[in-house]
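**Q** Letter by letter, the chains look like this.
2 protein chains.
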Amino acid sequence: MDSLDLSLPAPELTVVLCDVESVSGSETALADLVESALSDVPHLSVDRDGDTVVARTSLARAERVVVAGHIDTVLLGDNLPCRVEDGRIHGCGTTDMKSGVAVALRLAAHLPAPNRDVTYVFYDHEEVEAEKNGLGRVARDHADWLAGDFAVLMEPTNARVEGGCQGTLRADVVLRGHRSHSARSWMGDNAVHAAGEVLRRLAAYEAEQVEIDGLVYREGLNAVGISGGVAGNVIPDECVVSVNYRFAPSRSEDEAATVVRDVLDGFDVRVVDSAPGALPGLSHPAAAAFVEMVGREPLPKFGWTDVARFSALGVPAVNYGPGEPSVAHQREEYCDIAPILECEEKMTAWLS
Amino acid sequence: MDSLDLSLPAPELTVVLCDVESVSGSETALADLVESALSDVPHLSVDRDGDTVVARTSLARAERVVVAGHIDTVLLGDNLPCRVEDGRIHGCGTTDMKSGVAVALRLAAHLPAPNRDVTYVFYDHEEVEAEKNGLGRVARDHADWLAGDFAVLMEPTNARVEGGCQGTLRADVVLRGHRSHSARSWMGDNAVHAAGEVLRRLAAYEAEQVEIDGLVYREGLNAVGISGGVAGNVIPDECVVSVNYRFAPSRSEDEAATVVRDVLDGFDVRVVDSAPGALPGLSHPAAAAFVEMVGREPLPKFGWTDVARFSALGVPAVNYGPGEPSVAHQREEYCDIAPILECEEKMTAWLS
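Line by line, the protein sequences give chains P and L. The opening position of the first sequence corresponds to residue 776 in my numbering, with each subsequent residue numbered one higher. The opening position of the second sequence corresponds to residue 776 in my numbering, with each subsequent residue numbered one higher.
Just some of the chain P residues that point at chain L, by a computed CB distance under 8 Å:
(1) 945
(2) 960
(3) 967
(4) 971
Since the hints were derived computationally from the structure, they do not count as laboratory data. Using N, Cα and C, we set each Cβ at its ideal position, and we do this for glycine too.
Excised from the complex, chain P in its bound form (with noise of 0.2 Å):
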């Protein structure tokens, strides 16, 4: 393909960048063609940074958001080209999230004097290791690329604003013991046995329900893995319980950490990573005329997400996208074509 077409309507243009296969780390082909498509829009000026692409307006306007998505794709499940059957299209990107692509697409071309100045960012690498993300990179070497007062990032939400996102944080609970022939059981000290109290305290805990903006973030905090033992003779003398807290938007990672320290207080708690959660900023007057023209009920998200990389800017962000996110990452992915007709007309408005 030479070039994209950005007049076609959104659906058809999903089907089209849905066509051009962009597995991450093979983007390239894709992301020239968007490069392509809007140095060719005279109200854009457009940057790129590896195969990311970021586009903006500068009409001086007093706020400035932020739409953005990501352009490649999980592994095909031999669902390519794609396929559009009663009012769905069905394929490898269709939901996760090149129906989000299309749509900023379509703003980014056919909206030469939004109400607020807009900065489309396109990137890479979304759907593998976080240092790969071209959405943290961009971050790390340009974030002035990044700077607004309020993002919107198109991933799959069904066209419900799904506002910021939760935290998380993982640690290690190691218990420690001594060594023994389990013939001699008492000569030992079962560091197995001392991780009973760790899990029933954890089964034990309440996790806390924080509202923000309206949103209700509902916490967890569970063991995800444990392991200890040495054969099927020996009393182990260590054991390791894995955690895993997902928290609020408003605590710090600091403050995460001292939730779990707290909970586990004399154990050996070690904190083994954390990525801080996204606020979702929902009354800021951009984010409040966002969600009042989606016209329906906000919800927390509860997974991380890349917004968290524009709250660490100091942006509040919502995921808000036309996929259907439960078939994301599935042989079965589609998209229904309403939806996406439905998010064009709704962030038009709202930009309009």
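Using the hints provided, position chain L relative to the given structure of chain P.
**A** Okay, now just chain L, sitting in the frame of chain P:
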């Protein structure tokens, strides 16, 4: 070497036996030497099965006792040929258990008219998987060769009588739940958390101490392993706690399984394998005489040993040998000369 010289004192014979390498699976050369040497002894009749050699007196005594030892060793630790220094023999097999074998060979050769008929058993494959064990093979194929009123297994015990042995049972306790994304943990059911109560009961369980023939067998019920977990962001749907129960030889395997099931009532307990213990049989006249002659307080044997194979054939058995058990299977393996001489002297007195 062409032949074993059974006129050598037991310590020298120990050195000779150790210097004929016989790692499990490579016992043939040593078994040939043992068979040949015993065949030259006029008061013995000799049988062989694989690399196990059985020799016996047939004096129509009122009692028959079995004296047994394995002729294989664990892998060499670069510690042969033997080195003798300051009354101590260093080298692979010295303690476990060619010093005991040397004593048994000396008794076989030099006691033409023992006060009890004696069956001497020198067997292969003790240091490897149970199904290869030569004593087990003979018990299956020639149980009559092992008939007797009492057995002495000359495993290392520091020249003390260690009576019988405890049984052992392994069971898996399987906890089931439901997976969910850990960001929505309330949609799942955490199988690792459920293991907390299993560990609590195991930690709280007070193992029994069972007295048999004046020996106190101290039981133990322990988690020896635990595993669960799918990924750092998934609520685990399965957790398995591996449990090991060491039980007094007065309990059957079925009774042992009932104890474990009672302690873990309400949980899915799956018995993986078990092996019965061995009663010490110290009330038997031959055993009582043996203990009296050894002249030290007998001890219970906690770990499982091949005495259980005799017990399964209805032959009470004890462990008694010159070796130091704590250096078995170590590169630093050694055996002192004094207990070798003491064992030979005591056994000779008992059988004279």
